[in-house]
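Number of protein chains: 6
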Amino acid sequence: MRPNNRPAHQTRPINITRHYTRYAEGSVLVEFGETKVLCNATVEESVPRFLKGQQQGWITAEYGMLPRATHSRSQREAAKGKQSGRTMEIQRLIARSLRAVVDLTALGERTITLDCDVIQADGGTRTAAITGACVALHDALSKLVADGVLKQHPMKALVAAISVGIVAGEAVCDLEYVEDSNAETDMNVVMLEDGRLVEVQGTAEGEPFSHTELLTLLDLAKQGIQQLISAQRQALNLA
Amino acid sequence: MRPNNRPAHQTRPINITRHYTRYAEGSVLVEFGETKVLCNATVEESVPRFLKGQQQGWITAEYGMLPRATHSRSQREAAKGKQSGRTMEIQRLIARSLRAVVDLTALGERTITLDCDVIQADGGTRTAAITGACVALHDALSKLVADGVLKQHPMKALVAAISVGIVAGEAVCDLEYVEDSNAETDMNVVMLEDGRLVEVQGTAEGEPFSHTELLTLLDLAKQGIQQLISAQRQALNLA
Amino acid sequence: MRPNNRPAHQTRPINITRHYTRYAEGSVLVEFGETKVLCNATVEESVPRFLKGQQQGWITAEYGMLPRATHSRSQREAAKGKQSGRTMEIQRLIARSLRAVVDLTALGERTITLDCDVIQADGGTRTAAITGACVALHDALSKLVADGVLKQHPMKALVAAISVGIVAGEAVCDLEYVEDSNAETDMNVVMLEDGRLVEVQGTAEGEPFSHTELLTLLDLAKQGIQQLISAQRQALNLA
Amino acid sequence: MRPNNRPAHQTRPINITRHYTRYAEGSVLVEFGETKVLCNATVEESVPRFLKGQQQGWITAEYGMLPRATHSRSQREAAKGKQSGRTMEIQRLIARSLRAVVDLTALGERTITLDCDVIQADGGTRTAAITGACVALHDALSKLVADGVLKQHPMKALVAAISVGIVAGEAVCDLEYVEDSNAETDMNVVMLEDGRLVEVQGTAEGEPFSHTELLTLLDLAKQGIQQLISAQRQALNLA
Amino acid sequence: MRPNNRPAHQTRPINITRHYTRYAEGSVLVEFGETKVLCNATVEESVPRFLKGQQQGWITAEYGMLPRATHSRSQREAAKGKQSGRTMEIQRLIARSLRAVVDLTALGERTITLDCDVIQADGGTRTAAITGACVALHDALSKLVADGVLKQHPMKALVAAISVGIVAGEAVCDLEYVEDSNAETDMNVVMLEDGRLVEVQGTAEGEPFSHTELLTLLDLAKQGIQQLISAQRQALNLA
Amino acid sequence: MRPNNRPAHQTRPINITRHYTRYAEGSVLVEFGETKVLCNATVEESVPRFLKGQQQGWITAEYGMLPRATHSRSQREAAKGKQSGRTMEIQRLIARSLRAVVDLTALGERTITLDCDVIQADGGTRTAAITGACVALHDALSKLVADGVLKQHPMKALVAAISVGIVAGEAVCDLEYVEDSNAETDMNVVMLEDGRLVEVQGTAEGEPFSHTELLTLLDLAKQGIQQLISAQRQALNLA
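Protein chains in written order, with the UniProt record's numbering: chain W, 1 to 239; chain X, 1 to 239; chain V, 1 to 239; chain B, 1 to 239; chain Y, 1 to 239; chain Z, 1 to 239.
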């Protein structure tokens, strides 16, 4: 049995709170059960050097975890003087996932940075971050439209992410920490509402996994993504 | 006139929320108006090397600000690879202030780290951090007593901190950002309930200040501290 | 058409040269066409701190690219003072892939480090690195057996990796640089000979990809892996 | 009794040697007893980026301590690869103190950097540094006037700094190391000749201090500052 | 006796392989016996800031050693986050040696970087690097001439480097690792074909060395350099 | 003509002041004309890890230059976060030079660190540093003997260093900055009183130099070293 008797295909309770802080152009607190990530979107009127003069914008992301977001305290990356490989991997994933749903040419020569900071961690922080950052980004882009800076909204589709995995031989959706740390296979899936894939990252933590297991996990992910995008739509008051 | 017609001696609305996150031994969200700081206390069963074998404990602190806590985004210190001088100055101040009210011998050979992370900044983040961290530390110590690890509570008194300053020629208490950035003199005061001082840091940003102005500011600080300690007592359900 | 009229399912010429340098316990130069990676395996009689006393070994990896392995020179990471996110991501992937095929308990309390240094890069450096490192690791483990340190060889299976992707609308196997930089979808697959998966990482660089496309790519990867494992077997003189 | 029977209100012997090195625009060795700090002022014809085009100058400071300035050797910050929090705190204090007495608009778009390097440390290095740097800065500004670069001297007043504290229950002025390391309360005061304050930093190292004690310390500081400014005037041949 | 009965004045077998990698403007694998260094020359159309507008070019060098080039693994400098003093010393020496034989004005405002990466180390890596880099640089310059970018070849002479030393009381040429680590005196000599010196670096590892010993070593070096420059000429098909 | 009509073979005025600071076990200010270097020797009762248990001591050195030791200000290495290649090269040279004259076995398991900090620089800082550090080291060792820690003085000979070079076609001794920056050839020689060599580092800055020129420079160096060692003897009151 999963904790709280949660069915295998069921996500944890999802909460998306917009306008969580005052100053960012988009600010979302996303909760996947006890996992809580604050996603702030900042618009800046410039692009990185490699894009100068190319008449397109850029989406980037940074990820951090408060030292005591977890059961035991981890060292502050600012104090260590460098970001871990895990942090860099995650922030690259968030940025790629969001760029996949934005028309960068329509954005014009500006950069939107998504700061995803984990307030509390109970597994699935990267998938929550992508899911919340999508809403924060949507708000920041809507503001550019409302302010007359952009003529049309450059977001092409909503995107969400979910972790799926095999725990004690069973395929389950949206793993919490106690499941994640015991999973034999762990897979993060970034998907659009129409089921098309932006990113698939599956890892055998124990035994390698079969083609059939992969298909089962993808199917579970698809179900979870539907629940997440539905929560995003509701938060954004989209039809 | 101050923003919102606030009287010169009045603090902003103070909110102290305990148990804000789940895992830390003490976890407090402190709000001074729009300034919001999360203060997490972590207990570890060891002391820094310079205290090994001396049969006393240690209190330390780290301070951070989320990149978009402020009106414009600041670079993430973890990405820059080092903490700024301002950050180091503040975290040293927080730690000194808290050590002043704890009987380190009664704490035994353990370390309590206070992580103070600014979620939203509107002036006075360091004074809010000290005021909130005192409550988080109290909770962490109470837990050690409740768990039977300590016989008596090692906190000797509550401590709080307030900023006072001279803005447009007038002495005011608990400056918000728009005041702080225009202050001629800026002073942070860390004080006990009985009016004794733990730390005084006064800085002339424009003209030097007179002895008389210093006394006026100290008096304002004393009034503000009463309000803060009263809020701490209420949050902690102390008489 | 692909460069050199290469069929979609065909890998580039694969060369695996063992004993490429003199001092490492395993030393392999692996070539996927013009991509050349030197994989050196080092055995050390200790384990990282988090494994001390747990009676198991560890496999780790480091990845680097000579500054002029590519068409234009990139800055040396040692001179910059830090490894890029891409480098860290790759070396974590190499290490996870190899740990999946080694019985770490049978290895005993020792660490094997795989240094994968790219001499020349024409796409697919991480997949070549995994494929070559597997052979270098096999040699290092065989030496431990031959020296009487280990009773049985702790490698459970051969593992190889291939990149597959969609280029100009067509699914192709083992992308070279000119293909990789124009791919709409890019997927790295780490697989055992029996088709079970160790790692799948698929990324939409342009349009999201469909479930069907994913299946096509996985099938292509499987064919490529067969060719790679066959080359590994031949190099190792295994039946 | 204090070391050498020094009365409570008395500073150590103060020596200020101008033109200590040849190349700097201002170069002063300041001695507070056995504490010796070399203060070099450098004029550069540019301002930091945040001041570009604002038709004003800037004063900044850096602080360092030779590894064997103290009783036991401390690690060289250049070798450690970063400056400590203490170093940053001190150099920020020195710079603020000097900016308070210079008309930055009259200085024009140029930067003066004060390098304060401790040759020998016996307590009070930051107060000696401020006191000596004021003289070095005065010399550098005088040179700009003498060279016809500036029409009038931009220094508005002399500034000096002194440490005061409570040691063994007694308030004393200009603490040397053996006193400083045993002080219950420690306060650094930066003051003009007319008694107005630029900076006050008081810290309870042991018990908190009372309002009355604060006043006693400020009074002692005022007496010490008179002695220091008198020494500055003499060194500068000012009336 | 030396290893392999090598006579005192004899270098190890020298091999110089041009066009070792595909993309660099000059790419040479140089072998001094078991020491193998890959030297890649990169041409860039800019100069460092301190040379901007001075109508001359620049030659620079970087040196690295693969972690397992040696008998035991050394830590990767990119992972440590800094280059060692030894690395910096060597790359500065390589660059100075090559600048001595190039007419920097004839090169025009461009920079050539020599990346010297040690694939396998058995003593004399810095002398092999200089000797190989000279050939790689010659090729890169020839390409600039062939492409019509330069009218005449800016290399004024070939340069090579050799290590000589006193081992077990005997002066020997081109020390391999086992000799180098036991040498009483160790000297690296960078010389032109006509015997003129570019650099001499002699170090007493044990006893100081006499003037006479210095002369003997210089004479041995001269003989070794003849063999090296002859190998360079042959590789470059120069008369 | 040289500055101040100094003859080619003549060093600048040499001053060696012992006991320059109070706390170091050896403390020497050495002056070669306007070049002034403070050399402090610190004794510590431990050895680096690679020497643990080998019953011998170690001599190491660190070098730094105050930011305004020179005509224009250079950036502080502690602020940059790393030491330059030049700094590392020099401190390695100082340490090697001193180790050559100490019986490390007689020193026992302790480390002596020589901190050489340049107060003012007018050429020849590394040679002045070696010359002064030798005296500071002698004092530190004498103190160990006087304190009864060592039975006999472990210094086997005095060592000094001088720069020689070819300036405007003429060989000269002890170059000052204006000569050094125009030298065609520059050579640093570390020598014992008996003329035996510890280190020779000759570099062609412009044209390569001939064997004959090398001999002329060595002869000049020998004369300079006599003057330096005579000054060391006088400072140490040795016969």
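Among the hints, a few may not be true.
Copies of the same chain look alike in the list, so a pair counts if it fits in one copy or across any two.
[What the hints assert, rightly or not] Mimicking DMTMM-like on lysine to aspartate or glutamate, the simulated pairs with C-alpha atoms at most 20 Å apart in a straight line are:
#1 82 with 219
#2 222 with 170
#3 80 with 44
#4 82 with 109
#5 156 with 205
#6 52 with 194
#7 222 with 207
#8 82 with 34
#9 80 with 109
In short, the hints are calculated from the structure, not lab data.
We went through each hint and held it up to the structure:
1. 82 with 219: Neither: 38 Å inside a copy, 40 Å across copies.
2. 222 with 170: within (17 Å within a copy, 25 Å between copies)
3. 80 with 44: between (28 Å within a copy, 18 Å between copies)
4. 82 with 109: Neither: 29 Å inside a copy, 29 Å across copies.
5. 156 with 205: The answer is between: 15 Å across copies meets 20 Å, while 35 Å in one copy does not.
6. 52 with 194: So residue 52 and residue 194 fail the 20 Å test inside a copy (34 Å) and across (48 Å) alike.
7. 222 with 207: between (24 Å within a copy, 18 Å between copies)
8. 82 with 34: For residue 82 and residue 34, the Cα distance exceeds 20 Å both inside one copy (27 Å) and across copies (31 Å).
9. 80 with 109: Neither, since 34 Å and 24 Å both go past 20 Å.
Hints 1, 4, 6, 8, 9 from the list above are not met by this structure, while the remaining hints are.
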